[in-house]
Amino acid sequence: MLEFIQDYYAFIFLALLFTIGLYGMMVKQNLVKKALGMAIVQATVIMFWIVSAYKDGAGIPIFDKRYGVENPEMYINPLPHAMMLTAVVVAIITFGLSLALIIAIYREYNTLHEPELLDQMKDI
Amino acid sequence: MITQNIPILVPVIYLIAAAAVPLLGYKRTLFAFCTALFGSAAAFCVGIIGLISVITNGPISYHISGWMPPIGIELVLDPLSAFIIVVISGSTLMVMMYSMNSLAQEIPDKIVPFYSLSMLFLFGLSGMTVTGDLFNFFVFLEISAVAGYGLLAIGDRRAPFFAFRYLTLGTAAAAFYLLGVAFIFMSTGTLNIADIAQVLPEVKDHPPVIIALILIILSISIKMGLFPVHQWLPDTYTSASSTATALIAPIGTKVAAYFLIRIFTLYEYPPIIDILSIVAAASIIAGSLLAIVQPNLKRMLAYSSVANIGYIMLGITLATPMAYIGALLHILNHTMMKFVLFASAGGIMNNMKTLDITKLIGFPTVMPLTAVAFLIALFSMVGIPPTVGFFSKIYLLLGAIEAQEWFYVAAIVLSSLLALVYLFRFISIAFFRPYNKSDDKKIVQVDGPPLPYTDLSENNTNKHFEAMKKNDMSPSMLFPVLLVAVGILIFGIFNGYIVSIISKSMPVF
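Those protein sequence lines, which keep their order, are chains H and B. Residue 1 is where the first sequence starts when you use the numbering used here, and the numbers rise one by one after that. Residue 125 is where the second sequence starts when you use the numbering used here, and the numbers rise one by one after that.
It is possible that part of the hints are untrue.
[Claimed, not checked] Which stretches of chain B does chain H cover? Using the computed rule of at least three CB atoms under 8 Å from a CB of chain H, they are:
{"hint": "1", "segment": "256-267"}
{"hint": "2", "segment": "274-282"}
{"hint": "3", "segment": "292-298"}
{"hint": "4", "segment": "367-379"}
[As the list claims (entries may be wrong)] Per the computed footprint, the stretches of chain H lying under chain B, defined by three or more beta-carbons under 8 Å from a beta-carbon of chain B, are:
{"hint": "5", "segment": "2-8"}
{"hint": "6", "segment": "24-37"}
{"hint": "7", "segment": "48-57"}
{"hint": "8", "segment": "75-87"}
{"hint": "9", "segment": "100-113"}
Bear in mind the hints are in silico, worked out from the structure with no lab data behind them. From the three backbone atoms N, C-alpha and C, an ideal C-beta is built for every residue, glycine too.
Given these sequences and hints, build the entire structure.
Okay, here's the thing in structure tokens:
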């Protein structure tokens with residue numbers, strides 16, 4: 001059991017974080033908390049990619065004279081890092097857009113509590 | 125020379141148009157309209173050229189900035205993606221023709237952002253169609269989704285809230301997709317779809333690959349609006365402006381369906397296929413049942429979208445040649461009829477000032493030509509012979525019989541009957557005068573003075589109808605609607621040509 005935790009602690013942590021994010025999105029009734037849950041889910045996925053690039057004992061993917069190009073196992077995989085740069089941008093955009101929509105909703109209804117919002121929409 | 129560059133040309137045309145619209149439309153909105161119309165017309169022409177050259181010369185592969193496929197990003201135009209490109213760009217061209225007057229009537233102060241966002245939306249969709257790289261697909265998915273959130277947030281008072289709900293759900297779906305791709309990347313070490321197809325048999329039926337498949341299918345189901353995760357679809361479509369609905373409803377969910385075909389050609393895991401078939405059948409029946417009880421015309425059409433995406437899904441999961449032809453023909457059919465229906469619904473909203481089905485009595489008197497187009501599209505939805513809808517359903521039925529899945533045969537037939545119920549409920553209210561029961565007219569009273577009797581129904585019908593002025597949609601809105609309505613009939617009669625194009629793209633079953 002301890003060994004399992006030692007081997008996979010990163011994945012266990014990420015699974016926990018993912019669950020927290022989904023919980024926030026689904027159960028919380030305040031729209032800002034929903035948006036934050038969404039951001040946590042996105043951050044989890046980004047970190048999952050970063051973990052997938054990790055190798056035991058390897059360094060950053062920059063050319064090092066001590067290892068040369070003959071030992072690729074001495075460098076971690078650079079591809080996930082490059083791709084997650086794009087995913088981070090996407091995450092920022094969606095989070096910003098969600099906050100913009102929250103502002104629009106607040107100006108219209110003067111509340112961010114979901115049941116209240118649904119209540120106010122009934123009479124249209 | 126140009127044929128080699130077609131895969132990248134279609135998205136780039138849309139991207140340039142998206143950037144040019146705010147620049148040219150800064151002073152006059154007419155220029156924004158012209159730019160968007162010209163851009164979508166150019167993309168449509170390029171798509172047609174691509175389809176013809178792909179059918180004659182085989183698939184075209186484009187390598188972005190010259191990096192070779194397994195390392196660089198590859199864009200592929202094969203018969204399947206070329207067909208989808210033609211469908212989505214053609215639908216967009218029609219919407220852009222339709223949009224000028226309807227936008228001026230509905231959201232006059234947001235015309236330029238609308239055009240820019242719609243071009244960006246199409247950039248994402250066409251990129252999703254041509255890309256041959258899983259991570260690149262995610263980027264295009266998010267581009268189209270972000271533009272779509274913006275488009276759907278422009279509308280009535282409720283639109284921002286429903287757009288927010290769709291945003292959280294859609295972003296979670298994209299996160300699921302990215303997680304699934306991470307699992308595939310960890311077990312195969314590549315992101316190129318063709319390369320994965322070569323490596324994947326080595327790690328077949330390993331848990332990470334199956335989990336990846338489940339996550340990707342879950343995210344695409346959310347984007348498609350399948351039954352258990354469909355709620356965003358009717359909400360956003362009802363509250364958004366009718367031009368945005370006419371743009372997004374016909375094509376937004378189809379590209380996700382197309383990507384599902386791509387995923388299944390990559391890797392199939394039989395238990396998931398079985399579950400998906402059941403979900404598709406549930407989607408067909410639940411969508412049709414929920415459509416029956418909707419009071420709002422646009423909401424009813426949105427629920428029928430849920431049912432129709434179920435047909436496409438069922439055709440994909442049955443995995444027989446006939447069902448595959450039916451699914452792709454239904455993509456074309458559904459795009460055309462949903463454009464006609466939602467565009468007419470926008471015209472109805474502008475001219476009759478309501479979308480409540482019970483208040484649309486006499487709508488054909490006011491808008492006769494729209495009513496004709498609407499009726500043709502309804503016939504196509506039910507599946508009445510000369511329309512495309514009949515042929516797509518008959519192919520689906522034949523496919524289900526071919527696979528010997530009698531439960532799905534029953535589901536398709538049953539939901540066609542349910543479609544008859546919810547569409548003819550609208551027809552019987554809108555197209556016919558209220559039925560007067562002759563027995564109720566005179567109440568026999570034995571004693572006392574007779575009660576003053578006024579024939580309310582008489583007032584409501586004949587004089588009411590005569591008082592209604594003919595007030596059809598403006599010609600620029602009417603023309604694309606009628607064109608597509610005629611197209612539904614023509615494509616139905618000459619469906620053999622389309623089937624021959626589709627069968628070129630068929631994977632091996």
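List in ascending order the numbers of the hints, as given earlier, that are violated by the structure.
-> The structure breaks hints 4 and 5; every other hint is satisfied.
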